[in-house]
Structures are given as structure tokens and as C-alpha cells.
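K.L.:
Given next are the chains, with one letter for each unit.
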Amino acid sequence: MATGTASIEPAPIRADELVQGTSLWKDAWFRLRKNHVALFGLYTFCTIALLCLVVPFFTGYTYEQTEISLKASAPMEPIFLRTEARKAGEPKKSFIALSNLEDEFLEKSQSDRKAIVAKIAEGEVYQEGRNTYQRSSQRHVFGTDPLGRDLLTRVLVGGRISLAVGFAATLVSVCIGVLWGATAGFAGGKIDTVMMRFADILYALPFTVIVILLMVMFGRNFILLFVAIGAVEWLNMARIVRGQIISLKNQEFIEAAISLGLPSHRILFRHLIPNVIGSIIIYATLTVPNVMLLEAVLSFLGLGVQPPLSSWGVLIDEGSRTMETSIWLLVCPAIFFSLTLFCLNFLGDGLRDALDPKASKD
Amino acid sequence: MSMFLELENLKAHFPIYRGAIFRRQIGSVKAVDGINLQLRKGEILGLVGESGCGKSTLARTIMQLIPTTEGAVILEGRNLSEISRRAVRTERVNFQMIFQDPYASLNPRMTVYDALAEAIQTRQQFDKKLLLEKVGRLMRTVGLPANQMRRYPHEFSGGQRQRIAVARALAPQPKLIIADEPVSALDVSIQSQILNLIAKLSQEMHLTMIFISHDISVVKYISDRIAVMYLGRLVELGPATEVVEKPLHPYTKALVSAIPIPDPQVERRRQRIILQGDPPSPTSPPAGCAFHPRCPYAIAACKAQRPELEQKERHRFAAWIRIGEI
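Taken in order, these protein sequences are the chains called A and B. Residue numbering for the first sequence follows my numbering, beginning at 1 and increasing consecutively. Residue numbering for the second sequence follows my numbering, beginning at 1001 and increasing consecutively.
Mixed in with the good hints, there may be bad ones.
As the list claims (entries may be wrong) - Computed footprint of chain A on chain B, listed as stretches where at least three residues anywhere in the stretch have a Cβ under 8 Å from a Cβ of chain A: (1) 1023 to 1030; (2) 1263 to 1274.
Unchecked claim - 30 Å max Cα-Cα, derived DSS-like pairs, lysine-lysine: (3) B:K1128 <-> B:K1041; (4) B:K1175 <-> A:K249; (5) B:K1011 <-> A:K249; (6) B:K1011 <-> B:K1128; (7) A:K119 <-> A:K92; (8) B:K1200 <-> A:K26; (9) A:K87 <-> A:K108; (10) A:K358 <-> B:K1129; (11) A:K358 <-> B:K1128.
Calculated from the structure, these hints are not laboratory results. All C-beta atoms in this analysis are idealised placements derived from N, C-alpha and C, irrespective of residue type, glycine included.
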């Protein structure tokens, strides 16, 4: 084969002219590092994830360990030890929160009760019948739930579930949605019609019916959670990507790619999808909270996490029912939940800009 | 000897539908309506015509980007309209296109290196080092510094982008180049640079080229022969200088008279033919000669029959019935 380009090139290329490129992701990271808001999002998110992973081992409580007598104690509320002497065997030990301590002495007058509680709070050991009361050094940073379980541990352990579900299900929905939508949009015509009508049919089926059907077929299974959520969430993604691909595929650079004789999958993955990555990322960050809340709905239906295990969605749901009496049960998981979503949105925004080469390099 | 590229009665029609449920075809846009053309190897054919006459559709039909309604595109004896899509795909390295808008024809997410490397590797895979060198050379060839290969298209000016587009079209070492108004989106000062580049490269690489433009003066500069298109059909075909200096068809005459002359005295004295009205709709072209509603020389016979492209002189063809009369 005659090398046409070579024959008309006079001077050889100097080595220093052949610039080594940086990869797209390296480039993106370089740009992301300059975006302080996105970095804040990234670091905060990583901190939350790390807290969820590590801290439950060091709180001193497990997420399932109940302390019925403690009830719903407020964050950092003083806690007292009640030792009940028994005729046989070990004395029974239980914990009581400051707000519930007065209720132990209901037979006494109100002023007496106050005095006793004050005395115990000052460190005195108080004997009342078979019960001995004394101050305890135990503290619950986030308080406890109505069953006396440590809320901090529950929030962090629940965070593991929420983050896992949020990311796995979003990943599933992004993968299916992008592939489905891009293929339909790029192929066009009858293939497009058939693929999108199929998505419409799935969309029209009530979500709960699908879930119950899945439960009947496969039984309760944690993996099923991802499948069920992924199977619903990809529909929106597919539609968004399809619309974008359709508007892109008539651009001249796609015609140029076809003219080069590139195979369809290469045009799809190298030319079309990279140009819709901004929308994909933004929609994915919006999908994560959806998925986390959907998981709470599923858990309520009995498909998701089962008690005593919990998740942010479930904790917020439970917390909202007792918000008049114990607001911390709602606030603590909600802070984690919203903080995570904030961070993801900042990060998503930053990633979209970082992956766009038009954003300035310096 | 058979021709390098032959277009045989090439047609590209686009059906128009009406109704959502009972869709029926109510007509068709005849963008390209029966083009016959032969190109020798190494020849540069200029294709001129006003906006909407089907130039770009013809280009895309030859490039197999638009399905052929009828007729054939025969490249080196192989009928591209008949072979399978897969076979067309492997054949594509032999014919490449330079697009009109350099802002739309380059993928904004690919560096120059990525775009050119992809185009180079359509014929053959190379290892990284060799590829880097080939991309560097290619950039030099089109007059861009090789050390800018890691930049993205948006970092270049319009003229530089068009150079990248030219480089990409040349990268698979094609035999045929179709340049679809490659300079019309550019600044006038840049136009001549790109034009010179295309002219130089096509000569050095022995390319056969169809150069499309709405500006006959641009086409005259670069081409061996000129074909004039009106409403999906050719109305005149002949050697470039002859067509411009002594046009046969009244439409060509009008086009030629629109070329500005850089001498104000001559410019003021000369007569310009201003065509009345707009080109008719390609959905329902007028009966007979499609040009007759705007033609200053139209007679009754023009409405009756459609003139075919016929040889009028040596190497010269025109579709006009009154040649010799006026």
C-alpha cells in the first residue's frame, strides 16, 4: 500500500512534539481538584461512608441490643443503673434514663421524687426496696430508640445498607438504562419503537405488584432488593439517554464516524455515550436518594431490610412517627441522609464539569 | 477503461407521510432526482448549485449515509448500492468526506490525537509509538503543529478545526474525497488557506474529489470540471474554465454573473442576471424544465418536456433545449 501521507511529509517529527496524553479520568480528576465545592462533597461523603464502616465496632453497642427499661432516651441524657436484688441468683441489672427516673418512685409525693432524683444524680447510691439506684457512666451519643437500642450504632449500620442499596441499585439502573436507551436511540425505527414500548409497559405496571410477585417467586432475599429497585429505576434513565442520543446522532461528527466505517458499538461507546455523560451523572445522583427512599417502602412491604437490621429510610420512617415525643429519632438519621445527598449532588455537579473538556483546564 | 466513480441515474427521495394511525405517503421530496456522472481517477469535479438544490444530499448518498432510492453508485467497478451494509462498511476507507461545519463535525470529547488515531486505524492497527508518529505527521501535513495533538477541538479556531477534519478524512488513505462546502462556514480570510490545502493535498495524494460549493468562483479555482445542479438534477457539465467563461445553460449564466469582479469599473459596467423568485419545491417540481419559471429565455416548449443532459460540444453537456438559438 502506498503511504500517501508519508511521501509528502518532508521533515521528521521531533520526539518532543509527540506529547503524551493524559487519560480522560486523570484529566477529570485534575479539574475536579480545583472545584472546592465538589471536593468538599467528595471528602464529606467519604467520611460518612468510613464512619458507617468503622465506627459501629467501637460504639460499645450493637444495633440489635435492646434495653427495654431505657426506652427512648435523648442524646447524651444521663443514665442510671438499677440493680434489682433477687432471692436466687445474680441481681438483675437494668438502665434507666434521667427523664424516666421519677417514674420509678410513683408512690412518693412529687417533691420527694424530685429530691430523690436529684440525690441520685449527684452520685448518691439510693436504696428503695429491693432496688438500688446509682449513677452510671454509660452514654448514648444519639440517644436510644423506644426499645433502648443505641441510635448512633443503628444509624451507622443502617447507613451501610442505605449506601450499598443506593449505589448498587443506581449502578444497575444506570447500566441497564444507558445501554437500553442508547441502543434504542441509535438504532431508531422499529427497534426503537419496540424497545421503548417495552419500557412503557414496565412503567405502567404498579411497582408494588412487581415487588410482591418477585417476593412470591423468590422469597425474601436481600439481593432481590437491588433487582427490584434496579428494574424500576432504569426506565427513566433509558428515556433520558434515548432522547439525548437522538438529538446527537444527526450531528456531523456521528456521520463522520459512520463514514470511517467504525462498527456500531464503537460509535455508541466512543462517540455517543461520552457526549451524554453529563446528563447520566446528574440523573444518577438524583437516582440515589430515590433508591434509598424506595428501599424504605420495600422494607415496609417486607421485602427490604428486616428488623432488627435497619436503614436510613426505615429509621426516618420510624422517627417521623415519634417526632412529637422524641425528635432525635427523626433528626439524627435525617441529618446523615441529607448530608449524603448534598454531597452527592455537589460531587455530581463537579464530576459533570470535570468530565467536560470544554471546562477550562487551568 | 471503466471509470473510477460512476453515478447511474442516482435518486434519493424522502417520503412524506401524513396521519398518525393510517399513515399514508402523500408525496416525496426528490432531493436527488436522477444524476448521471462519471469521474476519472485523479479528477476534481466541482459541484455547484444554490441552497436546497440537493448538493449535500447527493454527497451523503454517494457516501452511503443516505439510502439510495434508485440507481447506483459504482466505485472502481463495485456497486456500493447493491453490496451488503457490512461490505459497505469495509469499503468506507476508500471514500471519505469533509463536512461543511467544522464546529459540528468533530467530536467535542475526543482529542485531536484520539480522532486521528481512530481514523488511521480504520485500515490497519498500529502500535502506540508508531501511531503517535503517524498522527504527528498527519497534523504536520495539514499545517498544524504536532505538539497540539492532545488538545480538544474547542481549543482550535474554525480554520484549524477544518484542517483537523481534512486530516481525519485523509487518515484512512482514501481514493475518493467528497468535500461538502468545506470552506463556506469559514471566515473569508481563512477560506483560501483551506482551499489551497485541499488543492495541494488532493494533487499530491492523487485523490479523486467531488468539491461541493454554492460559490462558483471557489469551485472554478479548484476543479477540473464543473457540474451545475438545479433542483436535484444536473443542468450543465463541462471543463471548469469553459463553463465559467462561456456558460451554456441560463442557470449557469446567472451563477457566473453573480461572481464579483475585483475591478470596480468592470464591475459597474457589467450586466448581472438577477433570477426572480425562489427555487421551486422539490416536492412538486414544475412540469417540463424545472428552471422554466425563473428562466429569462423560457418558451412554451420548456413547460412541455424536461430536457435531459445532452452533449452540446466536445466535453460539454447541458440540459437546455434552446442551445444554438440564443
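K.L.:
Please write out, lowest number first, the hints stated earlier that are contradicted by the structure.
P.N.:
Going through the list in order, the structure violates hints 1, 2, 3, 6 and 8 and respects the others.
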